[in-house]
Amino acid sequence: MFFPITRPEDFVLVEELPSDELYSHWKEVRLTPGTPVQEGDLLGEVTLVEWGCRNEWYEGKLLEDPIRTETSRYLNSKITQLDFRKHHSPLPAKVISSEEHLFAELEEAKLPIVLKSEFGLAGRNHIIFKSRSDSWKMSQVNKKLFGFPILAESWVGDERFFDFSTLWDVRDGEFVYLTSTAMLIDKDGVFRGIRIGGSELPYAKSFLPPVMDLVRDTKGLVPKEYSGPCAIDGFLYREEGRIKIQPVSEFNFRYSIGRILWEVRKKRNPKLEVVTGILILPYPKQGSLDEWKTIERLEKELDIQLILLTPVRDLSGKPYQNTVLYFETTEEKEPSVVESIWQSWTD
Numbered sequence: 001m002f003f004p005i006t007r008p009e010d011f012v013l014v015e016e017l018p019s020d021e022l023y024s025h026w027k028e029v030r031l032t033p034g035t036p037v038q039e040g041d042l043l044g045e046v047t048l049v050e051w052g053c054r055n056e057w058y059e060g061k062l063l064e065d066p067i068r069t070e071t072s073r074y075l076n077s078k079i080t081q082l083d084f085r086k087h088h089s090p091l092p093a094k095v096i097s098s099e100e101h102l103f104a105e106l107e108e109a110k111l112p113i114v115l116k117s118e119f120g121l122a123g124r125n126h127i128i129f130k131s132r133s134d135s136w137k138m139s140q141v142n143k144k145l146f147g148f149p150i151l152a153e154s155w156v157g158d159e160r161f162f163d164f165s166t167l168w169d170v171r172d173g174e175f176v177y178l179t180s181t182a183m184l185i186d187k188d189g190v191f192r193g194i195r196i197g198g199s200e201l202p203y204a205k206s207f208l209p210p211v212m213d214l215v216r217d218t219k220g221l222v223p224k225e226y227s228g229p230c231a232i233d234g235f236l237y238r239e240e241g242r243i244k245i246q247p248v249s250e251f252n253f254r255y256s257i258g259r260i261l262w263e264v265r266k267k268r269n270p271k272l273e274v275v276t277g278i279l280i281l282p283y284p285k286q287g288s289l290d291e292w293k294t295i296e297r298l299e300k301e302l303d304i305q306l307i308l309l310t311p312v313r314d315l316s317g318k319p320y321q322n323t324v325l326y327f328e329t330t331e332e333k334e335p336s337v338v339e340s341i342w343q344s345w346t347d
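Heads up: the sequence shown at position 223 corresponds to 223 in my numbering, and the numbers run straight through without jumps.
Be careful, since some hints might not be right.
Straight-line alpha carbon distances no greater than 27 Å define the calculated DSS-like cross-link-like pairs of lysine-lysine that follow [unchecked claim]:
#, residue 1, residue 2
1, 266, 333
2, 244, 110
3, 144, 110
4, 130, 244
5, 318, 271
None of these hints come from the bench; they were simulated from the model.
On a predicted model such as this, the values are computed, not experimentally measured, just so you know.
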C-alpha cells in the first residue's frame, strides 16, 4: 500500500517483490513508486515511515521498539479510547473484563449491542447481539475478539446511514485537520471502501463541529512521542426520527485507507469535481479472475480510470484474500460505478 504514495528516491521494505507488470502499471498512471528492498538489502541511515509506529531501523532490519510499541498499543486501544471520547459519544459503551461479566451484561443490556475487540480492524473484529437467541455467539469471543477485555457498545446498525472519517496529522500532541472522507460500509458494518471529491461532503457541516470539539478535549491525552497520521471514524444515525451524530467510533493512529487515498489523490491531482475512491475487493469465491482484462473492460465500459494499488496474487500465483483498487469518476456516476466494479470483480 505504500508503493503508490512513495517518491522515486524512497525505498519500500517488502517480504516479496512486486511483479514487473504491477510496477510498470504504477508508472504508467503517473505514480512514482520507490525502489523495493528486502530485509538486509538496505544499510545506513534512513527516515522510517511505518503503517503504524512500532519499530526502529538497525543495520538493515526492523527491530521492535518497546517504547514505540507501548505508545501504539495505548493510542489504538479501544479501551483507552473510551477516555478520549468521554462526554462526546451519544452511545453507551463499557469495558467487559471476563466471560462472567459478559454473561451478566447480556442479561441486563438493552439489545442490540456490538462487542468489539480491544485491537481490531475495519469492522472485522465485531460480534453483534441483536436478540437473546444470539447467545450462541459467545463461543466466538476468544476466536474473533482475541479474548478479554473487550468493548460493549449500543448497536444502531439498522438506523446508521452515513459513515465518515476525518483525517489528521499529529505533531507534538497537536492535531492538524486535512480533510473528511465518506466511507462505504456494508449492512453488517464491514468496511468496503472510501471516497473523496466532488461537491461538499454530505453532512460535513453537521459532524465537523462535534469532531473539532472532541479533538480539542483529547489534548494532553495523546503522548507527544507520537508523530504521524490519525483518522477519526464516526457516523450518523436516526433515533426517533431525528439525526444523531456519533463523532467518533474509533481513532486510528496509523496510515488509514483514507489517508492512502488522500495521498494517491494528491499525486494524481485530479480536478476538484472528480470523485476518487478506494475499494477493498475480495477474490471471487468461485472461479478465477483476470485482473488486467477486467480493469481494461471496466475502464472502457464505464469511462473511468482504475489503478491497482496492491497485487491480486503473489509471485507463485496464489490469490490474496483482498485487493485494493483506486478509481476516478464523476459524482453522478459514482454509485453505479462502485456497484459495477464490485459485481464484475466478485462474480
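Now the hints, each set against the structure:
1. Annotation: proposed proximity of residue 266 to residue 333 holds, straight-line Cα distance about 22 Å (limit 27 Å).
2. Among the hinted pairs, residue 244 with residue 110 is consistent with the structure: their alpha-carbon atoms are about 19 Å apart, no more than 27 Å.
3. Between residue 144 and residue 110, the direct Cα distance comes to roughly 23 Å. Compliance with the 27 Å bound is thereby established for this hinted pair.
4. Straight-line distance between C-alpha atoms of residue 130 and residue 244 comes to about 21 Å, which keeps the hinted pair within the 27 Å bound.
5. Under the criterion of a C-alpha separation no larger than 27 Å, the hint pairing residue 318 with residue 271 is inconsistent with the structure, at around 37 Å.
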